[in-house]
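Q: In order, the protein sequences belong to chains Z and H.
Position 25, counted from 1, in the first sequence is what my numbering calls 25; the numbers after and before it change by one each time, with no gaps.
Position 97, counted from 1, in the second sequence is what my numbering calls 97; the numbers after and before it change by one each time, with no gaps.
Misleading hints may appear alongside valid ones.
[What the hints assert, rightly or not] Once the Cα atoms are required to be at most 30 Å apart in a straight line, the calculated DSS-like pairs of lysine-lysine come out as: (1) Z:LYS70 <-> H:LYS9; (2) H:LYS40 <-> H:LYS22; (3) H:LYS44 <-> Z:LYS98; (4) H:LYS9 <-> H:LYS19; (5) H:LYS67 <-> Z:LYS36; (6) Z:LYS36 <-> H:LYS52; (7) Z:LYS98 <-> H:LYS36.
[Stated by the list, open to error] Short, incomplete list of chain H residues facing chain Z, as computed with Cβ under 7 Å: (8) LEU54; (9) ILE56; (10) PHE64; (11) PHE107.
Since the hints were made in silico from the structure, they are not lab data.
Where is the CB? At the ideal position from N, CA and C, for every residue including glycine.
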Amino acid sequence: GEDVEQSLFLSVREGDSSVINCTYTDSSSTYLYWYKQEPGAGLQLLTYIFSNMDMKQDQRLTVLLNKKDKHLSLRIADTQTGDSAIYFCAEKGGNNRKLIWGLGTSLAVNP
Amino acid sequence: DTAVSQTPKYLVTQMGNDKSIKCEQNLGHDTMYWYKQDSKKFLKIMFSYNNKELIINETVPNRFSPKSPDKAHLNLHINSLELGDSAVYFCASSQDGQGEFLRGYTFGSGTRLTVV
Chain Z
1 GEDVEQSLFL SVREGDSSVI NCTYTDSSST YLYWYKQEPG AGLQLLTYIF SNMDMKQDQR
61 LTVLLNKKDK HLSLRIADTQ TGDSAIYFCA EKGGNNRKLI WGLGTSLAVN P
Chain H
1 DTAVSQTPKY LVTQMGNDKS IKCEQNLGHD TMYWYKQDSK KFLKIMFSYN NKELIINETV
61 PNRFSPKSPD KAHLNLHINS LELGDSAVYF CASSQDGQGE FLRGYTFGSG TRLTVV
């Protein structure tokens, strides 16, 4: 079945770049997403990428998609303490009405 | 102005009780969802309604019953609450349709249910 995998934890120093990785199995994915969940809050859409793109940049965020390897990454430049959160990768297949979610990567930013 | 609102935000109740959580969205979306997030932060879809029709019904105990009186509302009723039901329950909505789904889901802020 469809699956999305992420490493569970990442720790970086303030000012460094963070790279959160995600792999998925559904070759018919149409959209891939990154969501952010701050402590005690709901999930917030951070960015998305179409499956026919290989890169998307939005201010400090860069999303890279390697469709051949089914690998998605989120790079956060100049990571700040306010970036500490859980980051969820999710994908939507062509025929699916639901998103398939990763387990989330908990990003800790140390001063 | 809240796009997806859930009530209550916190719910503490005893085992065996019956409780409901309500969700409303003012985005005009046609699909709504209930998710359960456990203590390890794993997200699991429970139900989805599209225009009041149940379209996703994952393996969830039948003590959980969703109800959608109209496409802007999706409520979750839980009978005979158990300790293992303690979790955060998130409501979400989306707009299906070509090109619309790129916005993904809009989530509510969650209902933290604690069963004692």
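Q: None of the hints should be skipped; say for each whether it holds.
A: Outcome of the hint check:
1. Taking the CA atoms of LYS70 of chain Z and LYS9 of chain H, the gap is near 37 Å; set against the 30 Å cutoff, the hint is violated.
2. Distance hint between LYS40 of chain H and LYS22 of chain H is fulfilled; the C-alpha atoms sit about 24 Å from each other, no more than 30 Å.
3. A threshold of 30 Å between alpha carbons decides the hint, and for LYS44 of chain H with LYS98 of chain Z the separation of about 11 Å falls inside it, so the pair holds.
4. The suggested pairing of LYS9 of chain H with LYS19 of chain H holds, with an alpha-carbon distance near 13 Å, which does not exceed 30 Å.
5. The hinted pair formed by LYS67 of chain H and LYS36 of chain Z meets the criterion: a straight-line CA distance of about 28 Å does not exceed 30 Å.
6. About 28 Å separates the Cα atoms of LYS36 of chain Z and LYS52 of chain H, which keeps this hinted pair within 30 Å; it holds.
7. For the given pair, LYS98 of chain Z sits about 14 Å from LYS36 of chain H by alpha-carbon distance, which is consistent with the 30 Å threshold.
8. Taken as an interface hint, LEU54 of chain H does not check out: its beta carbon lies about 12 Å from the nearest beta carbon of chain Z, beyond 7 Å.
9. At its closest, the beta carbon of ILE56 of chain H sits 6 Å from a beta carbon of chain Z; the interface hint therefore holds under the 7 Å criterion.
10. Look at PHE64 of chain H: its Cβ only gets to about 17 Å from chain Z, farther than 7 Å, so that hint breaks.
11. A distance limit of 7 Å between C-beta atoms decides the matter here; for PHE107 of chain H the minimum to chain Z is near 4 Å, and the interface restraint holds.
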